[in-house]
Amino acid sequence: SKTVKEIAYWANFKSVNLFAEGLLNYIGFSQKNDGSTKASLIALEKFWTDKINFEGLVLKDGCGLSKENAISATHFCDLLKYLYTSKNYSDFKSTLPVAGVSGTIKNLCKGQAGEGRIFAKSGTISKVKSYAGYVVSNSGKNLAFAITVNNFSGTNSQIITEIEKVLNELANY
Numbered sequence: 254s255k256t257v258k259e260i261a262y263w264a265n266f267k268s269v270n271l272f273a274e275g276l277l278n279y280i281g282f283s284q285k286n287d288g289s290t291k292a293s294l295i296a297l298e299k300f301w302t303d304k305i306n307f308e309g310l311v312l313k314d315g316c317g318l319s320k321e322n323a324i325s326a327t328h329f330c331d332l333l334k335y336l337y338t339s340k341n342y343s344d345f346k347s348t349l350p351v352a353g354v355s356g357t358i359k360n361l362c363k364g365q366a367g368e369g370r371i372f373a374k375s376g377t378i379s380k381v382k383s384y385a386g387y388v389v390s391n392s393g394k395n396l397a398f399a400i401t402v403n404n405f406s407g408t409n410s411q412i413i414t415e416i417e418k419v420l421n422e423l424a425n426y
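Take any residue in the sequence shown, note its place counting from 1, add 253, and you have its number in the working numbering.
Source of the hints: derived by calculation from the structure; they are not laboratory data. None of these values were measured; they are calculated from a predicted model. One should not assume that every hint holds.
Claimed, not checked - With a Cα cut of at most 25 Å, we get these calculated BS3-like pairs of lysine-lysine: (1) LYS258 to LYS313; (2) LYS285 to LYS258; (3) LYS258 to LYS299; (4) LYS255 to LYS346; (5) LYS299 to LYS346; (6) LYS258 to LYS359; (7) LYS304 to LYS258; (8) LYS380 to LYS320; (9) LYS258 to LYS291; (10) LYS382 to LYS418; (11) LYS359 to LYS346; (12) LYS359 to LYS380; (13) LYS334 to LYS346; (14) LYS258 to LYS346; (15) LYS255 to LYS340; (16) LYS380 to LYS267; (17) LYS363 to LYS267; (18) LYS255 to LYS267; (19) LYS394 to LYS304; (20) LYS363 to LYS346; (21) LYS313 to LYS285.
Could you build the full structure based on these sequences and the hints that come with them?
Here it is, written out as structure tokens:
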């Protein structure tokens, strides 16, 4: 059987949504002996409620595909900042692909300032593009970031080009 870290790797690095759902269900099962999505989301909220601000946050699944999900850049960054200070940070970071190098972001910032310095999870559904993770800046700071573009006009590549501009600025900070 695979470890939680190995399953998280496939969920984050390769964006296997089924594994993300499985991780959510594991949380419910381990905390409440009920692996249903509903019980798992309740257990998840109970764990995070004193660590990040849940105001406006709506989760309906574990992989982010539900159209009912609502999560802000602030929610993502609060979560990332918490993880950065946790004992599990290095394990978590090792599950994230590296811009210009690996996983779902192997073409992001390729040959640019962010290459090799951005560790992030990507998310894409119809007319939505999202990246959340960490940038190691020129000044040596680890910066948490989250960028989500909703209902965009234009092509995916046009949006990615604009997002890369922001990410490269963070890398050059």
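How the hints compare with the structure:
A C-alpha spacing of about 23 Å is found between LYS258 and LYS313, which places the hinted pair at or below 25 Å, so the restraint holds. Under the criterion of a C-alpha separation no larger than 25 Å, the hint pairing LYS285 with LYS258 is consistent with the structure, at around 21 Å. Annotation: proposed proximity of LYS258 to LYS299 holds, straight-line Cα distance about 22 Å (limit 25 Å). Distance hint between LYS255 and LYS346 is fulfilled; the C-alpha atoms sit about 18 Å from each other, no more than 25 Å.
Under the criterion of a C-alpha separation no larger than 25 Å, the hint pairing LYS299 with LYS346 is consistent with the structure, at around 23 Å. Of the pairs offered as hints, the one joining LYS258 and LYS359 holds, with about 21 Å between alpha carbons and a cut-off of 25 Å not exceeded. At roughly 21 Å between alpha-carbon atoms, LYS304 and LYS258 fall within 25 Å of each other, so this suggested pair holds. Between LYS380 and LYS320, the direct Cα distance comes to roughly 12 Å. Compliance with the 25 Å bound is thereby established for this hinted pair.
With a C-alpha separation of about 23 Å, the suggested pair LYS258 and LYS291 falls inside the 25 Å cut-off, and the hint holds. This hinted pair checks out: LYS382 and LYS418 have alpha carbons roughly 15 Å apart, not beyond 25 Å. Note on LYS359 and LYS346: the hinted pairing holds, with a Cα-Cα distance of about 16 Å set against a maximum of 25 Å. Straight-line distance between C-alpha atoms of LYS359 and LYS380 comes to about 21 Å, which keeps the hinted pair within the 25 Å bound.
A hinted pair counts as satisfied when its Cα atoms are at most 25 Å apart, and LYS334 with LYS346 qualifies at roughly 12 Å. Distance check on the hinted pair: LYS258 and LYS346 sit about 10 Å apart at the alpha-carbon level, within 25 Å; holds. Between LYS255 and LYS340, the direct Cα distance comes to roughly 21 Å. Compliance with the 25 Å bound is thereby established for this hinted pair. Note on LYS380 and LYS267: the hinted pairing holds, with a Cα-Cα distance of about 20 Å set against a maximum of 25 Å.
Restraint check: the Cα-Cα separation between LYS363 and LYS267 comes to about 18 Å, which is no more than 25 Å; the hinted pair holds. As the CA atoms of LYS255 and LYS267 are separated by approximately 16 Å, the hinted pair is consistent with the 25 Å bound. Straight-line distance between C-alpha atoms of LYS394 and LYS304 comes to about 22 Å, which keeps the hinted pair within the 25 Å bound. Taking the CA atoms of LYS363 and LYS346, the gap is near 20 Å; set against the 25 Å cutoff, the hint holds.
Annotation: proposed proximity of LYS313 to LYS285 holds, straight-line Cα distance about 18 Å (limit 25 Å).
Of the numbered hints listed earlier, not one is contradicted by the structure.
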